[in-house]
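Novice: Letter by letter, the chains look like this.
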Amino acid sequence: MSTTRQAESTSLWRAPALLAVLVFLFVLEGTLSNAFFSGSWNSALGILNMGLLSAIMALGVNITWGYAGLFNAGVVGFLALGGLAPVLVATQPVPGAWEAGGPRVLLALAVGLGTLVVATLVAARVPRAWRFWAALLIISVGYVAYRALFDPAVIAIEANNPAKAGNIGGLGLPVLLSWPVGGLLAAGAAWGVGKVALGLRSDYLAIATLGIGEIIVAVMRNEGWLARGVLNFSGIPRPVPYELDLQGDPDFQARVAGWGMDLATASGIWVKLAYAGLFLVIVLLLILLSELALKSPWGRMMRAIRDNEVAAEAMGKDVTRRHLQVFVIGAAVIGIAGAMMVTLDGLLNPSGYNPLRYTFLVWVMVIVGGSGNNWGAVLGAVLIWFLWIKAEVWGPAVMALVTAPMPEGGLRSHLIESAPHMRFLAMGLVLLLVLRFAPRGLIPEK
Amino acid sequence: MDILNALVAILNFVIIPATAYGAQLAMGALGVTLIYGILRFSNFAHGDTMAFGTGLVILLTWGLQALGLSLGPLPTALLALPVAIAGTAALVLLTDRVVYRYYRQVKADPIVLVMASVGVMFVMNGLTRLLIGVDEIRFDDGARFLISVSQFKGWTGLDEGLALRSTQAITLVVAALACWALFRFLNRSRAGKAMRAYSDNEDLALLSGIDPERVVRLTWIIATALAVAAGTLYGLDKSFKAFNYFQILLPIFAAAIVGGLGNPVGAIAGGFVIAYSEVAVTYPWKKIAGYLLPDWQPEGLLQLLSTEYKFAVSFVILIVVLLFRPTGLFRGKSV
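Residue numbers (our numbering), protein chains in the order written: chain L, 1 to 446; chain S, 1 to 335.
Simulated from the structure, these hints should not be mistaken for lab results. All values derive from a computational prediction rather than experimental measurement. Among these hints, one or two may not hold up.
Claimed, not checked - Examples of chain S residues lying across from chain L (beta carbon under 10 Å, computed):
1) Tyr36
2) Phe122
3) Thr128
4) Phe185
5) Leu186
6) Leu249
7) Leu250
8) Ile257
9) Val265
A virtual CB, placed ideally from N, CA and C, is assigned to each residue, including glycine.
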């Protein structure tokens with residue numbers, strides 16, 4: 001890898017040029033109305049907002065991959081875990097839920113965690129041959145105790161107003177506070193996985209994170225007491241005004257009349273612009289922090305470790321520890337994006353977390369944008385997200401054009417119907433082509 | 001105490017399904033482990049290769065059914081299997097030629113190959129979607145049961161029934177044949193010995209005149225044949241859904257690592273370890289406890305983990321192996 005990452009001089013104009021292309025695409029989406037563009041600013045801003053969120057996910061992946069060369073295949077799990085935070089922090093408490101079993105659930109979780117800690121401590125102190133059996137014994141006893149405490153508590157919480165609630169309820173705090181909390185949740189999970197899987201072969205981490213990703217999503221689907229599971233949790237509070245409130249506000253009505261716009265459209269655009277501004281601030285803040293970190297002695301050390309682990313180790317750097325650190329930071333950034341995404345949607349839908357969309361597409365974004373370069377990751381993310389969304393529309397349109405000379409019939413309609421699936425094929429090809437012919441991405445690392 | 005009924009229940013609900021599932025996992029893990037041994041990377045596209053191959057089998061099965069061809073009591077899919085294997089292997093060899101070969105030549109880091117396999121995974125996923133869509137499909141035909149519950153009760157006079165589905169029996173037969181053929185090939189034939197030599201020590205193998213590209217091609221063909229067979233058997237046993245084949249990637253990787261990456265015997269053992277643990281941990285043991293200890297009335301279902309968390313079992317086993325024996329039970333490679 002070190003051969004592909006040597007600094008070469010590349011044009012300074014690449015990033016501004018890519019930015020200009022992106023602006024141009026979004027203006028087209030907002031103004032032109034034809035088979036390829038919707039001509040609606042609401043749609044353009046909607047894509048932009050998810051694009052900015054994807055940019056934050058890409059930043060998180062770029063920190064672990066670009067700075068340290070670690071492969072995190074569980075982005076979807078850390079994202080979903082971050083999405084739990086708005087529900088737990090920002091929604092109103094559910095009457096009776098805490099009394100029904102809150103302390104018991106906490107006690108059960110403490111017993112579970114304590115079991116793991118005790119097992120680790122004991123395993124480190126007994127002779128090697130007994131290590132496994134000692135840990136197994138402690139964990140078996142601990143698991144029985146945990147289930148005995150946990151199950152009745154969960155049943156009690158889920159029985160509390162099951163039609164409307166059935167979950168533990170939130171703390172009723174401001175929703176913006178839940179974003180860093182989402183980061184903390186993801187960081188905690190990442191620490192656990194990293195502690196076990198780092199320091200071994202490089203693809204063990206990939207496989208372990210693939211597993212934890214699936215497990216976190218499964219937990220969110222099945223643990224109804226947390227956030228209602230597959231029943232979804234809607235009505236998460238917003239940091240920006242609601243469209244309906246805006247439409248009823250006389251000041252806003254007067255201003256919209258001045259612009260000569262339709263009230264419903266204007267309120268939608270207003271809300272989306274507010275989100276876009278908020279997200280942009282976070283993206284820029286994260287880029288600033290990442291760049292500062294990269295230029296600090298710590299960043300130089302990370303790149304030294306990435307480019308030659310053996311040499312860095314010889315210089316007395318604790319490679320495994322540094323890897324753990326950077327893996328946790330990357331996961332935390334993804335967790336923040338997860339909390340922001342749930343806030344934007346106002347909905348936590350655990351069944352919607354698809355690994356192809358939320359793990360591997362984010363990887364395509366980073367590789368295409370330029371691994372190791374934060375601007376590259378961000379611009380690549382917005383570009384790929386735009387193409388991913390529009391490919392669903394463009395695929396059938398292009399296919400209809402291409403197949404126009406064909407006779408009407410089964411094959412032609414099958415081709416047009418399956419055209420939206422083409423985007424998976426297209427993304428795979430884009431990833432393979434970039435990896436092969438431009439491994440440093442659109443905006444290479446400096 | 002009713003030991004006989006308890007044994008039958010364990011056989012029916014745990015041993016038989018877990019053995020069939022274990023055989024499917026073992027065949028998948030064999031492919032992963034062979035690719036790891038020869039090409040030295042974890043192939044993330046393996047699950048989607050299984051899905052693509054199974055999709056091909058389904059299309060061919062429909063074609064054969066339309067022509068009125070069948071295998072009598074056996075599922076028609078078995079007739080379609082060799083053709084689908086050939087088709088999928090051709091596609092996989094093409095991906096090796098246009099994608100992986102370059103990274104071998106430049107001696108890229110394994111993680112770059114893993115990344116390339118993610119690209120191939122996307123392509124395979126897209127092709128599967130184009131080919132057959134994302135819906136759930138059942139494609140088993142022929143006889144459904146070798147032994148049905150009522151037959152078994154009639155023969156034995158026990159309260160507890162036992163069913164052996166024909167797909168389960170076919171899985172075991174096909175898996176046994178595949179393993180027998182694979183080990184015979186690896187241990188007896190010249191090409192198989194070349195593969196083992198290449199896996200053990202690349203430089204020495206090159207020195208003794210083994211053609212690396214030929215070894216790689218053989219590896220892909222064998223791994224693909226195993227993957228398509230495993231995918232088809234899994235689809236016959238449960239049902240075909242493209243996403244399930246992505247999810248089965250985790251148990252397959254876990255099986256390969258538990259056995260020791262690069263070690264074929266380990267992959268088979270790993271497949272069964274994962275399958276038995278998964279089924280045993282997610283099975284509600286209340287019924288069996290009722291036979292063995294009639295006086296004890298437990299409150300719950302005596303289920304250690306609900307079925308939705310079956311992937312957690314592979315994950316936990318994976319973690320335990322990584323913690324206590326990173327090279328796996330059978331001492332695979334540890335780079």
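Novice: Each hint: holds or not?
Specialist: Evaluation of the provided hints:
1. Taking 10 Å as the C-beta cut-off, the interface hint given for tyrosine 36/S holds, the closest approach to chain L being about 9 Å.
2. Annotation: phenylalanine 122/S was flagged as interfacial toward chain L, and the flag holds, the nearest CB pair being 3 Å apart, inside 10 Å.
3. With a cut of 10 Å, the hint placing threonine 128/S at the interface with chain L holds, because the nearest CB-to-CB distance is about 9 Å.
4. Among the interface hints, the one on phenylalanine 185/S is violated; its C-beta lies about 27 Å from the nearest C-beta in chain L, farther than the 10 Å criterion.
5. Interface restraint check: leucine 186/S against chain L, minimum CB-CB distance 23 Å, threshold 10 Å, status violated.
6. For the restraint placing leucine 249/S at the interface with chain L, the shortest Cβ-Cβ distance is roughly 7 Å, inside the 10 Å limit, so the hint holds.
7. Because the closest C-beta pair between leucine 250/S and chain L is about 5 Å apart, less than 10 Å, the hint holds.
8. At about 7 Å, the closest approach between the beta carbon of isoleucine 257/S and any beta carbon in chain L falls short of 10 Å, and the interface hint on this residue holds.
9. A cut of 10 Å between beta carbons decides the hint on valine 265/S: the least distance to chain L is about 20 Å, and the hint is violated.
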